[in-house]
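My request is simple: use the sequences and hints to build the entire structure.
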Amino acid sequence: MDTVSLIIDNKPVVVKKGTTILEAASGIGVHVPTLCHMKLDDLNIENKPGGCRICVVEVEGRRNLAPACCTDVNEGMEVSTHSLRAINARRTVLELILSDHPADCLICAKSGNCDLQDMAHQLGTREIHYKGEQSHYRKDTSPAIIREIDKCIMCRRCEMMCNEVQTVGVLSAINRGFDSVVSPAFEMNLDHSECTYCGQCVAVCPTGALTEVDHTGKVIHALSDKTKTVIVQTAPAVRAALGEEFGMEAGTLVTGKLVAALRRLGFDHIFDTDFAADLTIMEEGTELLNRLGKHLAGDKDVKLPILTSCCPAWVKFFEHQFPEMKDIPSTARSPQQMFGSIAKTYFAEKLKIKREDLVVVSIMPCVAKKYECGRDEFKVNGNPDVDLVITTRELAALIKLSNIDFKSLPNEEFDNPLGESSGAGVIFGTTGGVIEAAVRTAYEIHTKKELPRLDFDELRGMEGIREATIDFDGLPIKIGIAHGLGNARKLLEDIQAGKSEFHAIEIMSCPGGCIGGGGQPYHHGNADILKKRQMAIYQEDSNKSIRKSHENPYIIKLYEEFLGEPMSEKAHHLLHTKYFDRTE
Amino acid sequence: MPEIKLAENTIQLIIDICAEFENKESELINVLHKVQGKLGYLPAEVQEVIAKELKIGVARVYGVVTFYSFFTMIPQGEFPISICMGTACYVRGAEQVLAEFKRQLKVEVGESTGDGKFSINCLRCVGACGLAPVITVGGKVFGRVAPSQVKEIIEEYREGCVVDDPKTV
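Chains A and B, in that order, are what the protein sequence lines are. Just so you know, we're using this note's numbering here: the first sequence kicks off at 375 and counts up by one. Just so you know, we're using this note's numbering here: the second sequence kicks off at 84 and counts up by one.
Check before you lean on any hint, since a few could be wrong.
Residues of chain B clear of chain A, computed beta-carbon distances all greater than 12 Å [what the hints assert, rightly or not]:
| no. | residue |
| --- | --- |
| 1 | Ile94 |
| 2 | Glu103 |
| 3 | Glu131 |
| 4 | Lys138 |
| 5 | Gly146 |
| 6 | Phe150 |
| 7 | Glu161 |
| 8 | Gly169 |
| 9 | Arg175 |
| 10 | Gln179 |
| 11 | Thr196 |
No farther apart than 20 Å at their CA atoms in a straight line, the calculated lysine to any residue pairs in the SDA-like style are these [claimed, not checked]:
| no. | chain 1 | residue 1 | chain 2 | residue 2 |
| --- | --- | --- | --- | --- |
| 12 | B | Lys107 | A | Glu867 |
| 13 | B | Lys138 | A | Ala842 |
| 14 | B | Lys138 | A | Lys385 |
| 15 | B | Lys200 | B | Lys138 |
| 16 | B | Lys138 | A | Arg956 |
| 17 | B | Lys138 | A | Ala871 |
| 18 | B | Lys223 | B | Cys212 |
| 19 | B | Lys135 | A | Arg863 |
| 20 | B | Lys135 | A | Gln870 |
| 21 | B | Lys135 | A | Ala871 |
| 22 | B | Lys107 | A | Glu538 |
| 23 | A | Lys385 | A | Gly401 |
| 24 | B | Lys135 | A | Phe696 |
| 25 | B | Lys135 | A | Glu867 |
| 26 | A | Lys513 | A | Phe560 |
If the Cβ cut is set under 8 Å, some of the chain B residues that face chain A in the computed set are [as the list claims (entries may be wrong)]:
| no. | residue |
| --- | --- |
| 27 | Leu137 |
| 28 | Val141 |
| 29 | Cys205 |
Honestly, the hints are just simulated from the structure, not real lab data. Owing to the predicted nature of the structure, the values given are computational and were not obtained by experimental measurement. Think of the CB as a built atom: it goes at the ideal place given N, C-alpha and C, for glycine as much as any other residue.
See the structure below:
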């Protein structure tokens with residue numbers, strides 16, 4: 375292996391050839407500040423346009439300063455990251471960026487989580503010496519994402535996410551010079567574009583230019599309305615990340631404290647989307663076995679592979695990009711929408727109240743869920759199955775606003791009947807989890823035998839595309855997994871070309887799955903956080919006494935009392951959906 | 084943005100041009116260049132067809148169209164007038180010539196007259212610096228243009244008595 379020896383801040387360093395100055399410095403504990411640069415290790419995601427120039431360092435013998443993020447090391451290089459010249463340049467660059475940035479930090483949605491604000495703090499900026507023109511753009515509000523482009527610093531992380539990682543291609547840099555900005559085509563609003571609302575642009579935006587639509591105010595209003603019964607469901611990935619908002623170590627499971635906090639906020643019943651995830655498995659798993667059975671019997675009309683349909687950004691993606699394949703994904707609604715549907719029928723009947731008097735609030739790691747709950751097919755006479763969706767971050771804000779000391783809360787339990795879940799429901803929160811949950815149930819229904827093992831390590835991990843063959847007692851089931859819509863696109867193109875051999879494919883839009891969702895606490899480019907959340911999810915699964923969806927006693931009861939059996943007419947009506955061609 | 088319905092043969096023309104460049108994303112600029120050469124401008128609907136053919140987001144196409152001043156989304160006049168703002172032309176009074184064109188035609192740079200006859204654009208150097216200031220109308224080059232000649236040039240085209248062979252006046 376070729377190595378390079380150099381000196382950084384008077385310390386000798388030996389690194390692999392091809393290493394950047396930034397990486398080499400980081401290896402010896404010298405953290406050169408960066409703004410546009412972002413690298414998510416193991417996910418193959420990197421943004422280094424070298425555009426912001428915050429990371430400039432002085433290289434002995436080099437005429438100009440070098441951007442550390444995109445300059446490779448050379449043999450014998452002498453680098454100073456904090457020479458007078460480097461510090462001056464860095465501060466000047468930052469001041470120039472700030473001179474075209476609204477200074478409304480006190481009331482900005484990103485305050486406290488803003489990389490630009492942190493940079494001004496780190497560089498000790500106390501004055502902006504440059505006064506010049508400021509750019510002004512209109513605010514763009516969509517069902518899920520707000521673009522406040524006055525705050526854009528052209529780091530182009532969002533553009534990289536939207537184009538290279540997600541291959542959605544909605545955001546692009548337009549115009550030139552001072553007028554350049556990241557925008558949808560023709561400066562249209564996001565809701566007129568093919569945006570999937572995956573929220574990965576929000577997840578990586580260093581400033582307040584891209585944020586989620588804030589529904590915390592509406593939740594507070596609902597909670598204070600005495601005529602309404604307000605119930606809440608919380609998605610699996612939320613419990614593996616919420617603690618971070620309160621200074622807890624990434625990967626700390628806070629399920630019990632989460633329940634306690636929701637109870638203190640005043641929700642009438644604290645339920646779990648994991649319950650609905652178990653329900654999803656009953657429906658989707660049965661659908662898989664039905665389609666598989668017919669396919670094996672030689673029915674040419676039955677299409678395989680079956681694709682999961684839990685992720686609303688993924689659903690919108692194929693409706694725009696692959697409308698001719700809209701009959702391939704499972705017709706099962708997402709867990710959020712299954713929960714809403716059951717809550718406003720089965721549970722409302724139990725409470726003997728009208729659906730209009732029941733408010734269903736979701737806590738989601740996702741911004742696309744805000745869009746999903748507003749889709750017309752999930753409303754009955756104009757009343758939505760899920761009324762309000764707030765993200766993990768918004769929940770944290772609500773907890774802080776309500777003077778709740780999160781860390782000292784006791785562990786409490788979910789309410790019944792919609793709060794009990796299996797470990798299979800929990801793992802919906804990570805890439806690979808939905809299909810593993812489906813395998814646990816489909817195997818036992820198909821073979822009528824008990825699973826010899828519950829952990830399917832071959833389905834787990836962070837690789838963008840994974841595949842495995844699971845032996846269903848002599849019947850090999852080929853499974854594909856993709857996370858990130860660009861990876862999903864590859865599998866879809868294989869299907870289109872007739873090259874796919876999979877029986878079932880799981881797709882999640884966000885890198886890492888829901889744990890890396892656009893509504894989660896900001897990872898600030900640290901991919902370790904995602905891995906720790908993933909470990910927490912599997913930990914929660916192992917801790918559960920019930921780990922298969924079909925063994926959840928409240929699911930069994932729901933079918934006995936209300937739905938009949940999976941894929942029954944009633945289940946079809948309440949738990950399944952259809953997809954639309956959105957290219958027209 | 085007014086919506087335009089593209090004619091079938093226009094769509095086919097764009098598809099053919101994209102195919103000529105093997106529908107490669109890397110050929111986007113060449114495709115745009117050729118399509119604008121044929122149609123005179125690149126309205127949103129045209130960009131959408133190109134994006135679809137090259138399998139890229141329409142935002143990316145729009146990004147390139149708005150980056151290069153050569154590309155335009157506004158229909159050009161029957162006689163597109165380009166005023167060279169390169170250094171040589173600029174110092175020899177191109178700005179006054181431009182101002183006179185704007186005054187006479189009552190349009191801004193990038194716009195067309197109501198009758199569709201004229202449009203004004205600026206460009207950087209046509210390689211005839213010795214003749215500065217230079218303007219072009221359609222394919223024809225006019226050198227050493229003084230503001231006082233502007234009215235005359237416009238009248239010539241308006242009356243339709245200009246022959247098409249490029250020559251210097």
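Hint check, failures only | 3, 4, 5, 6, 13, 14, 15, 27, 29
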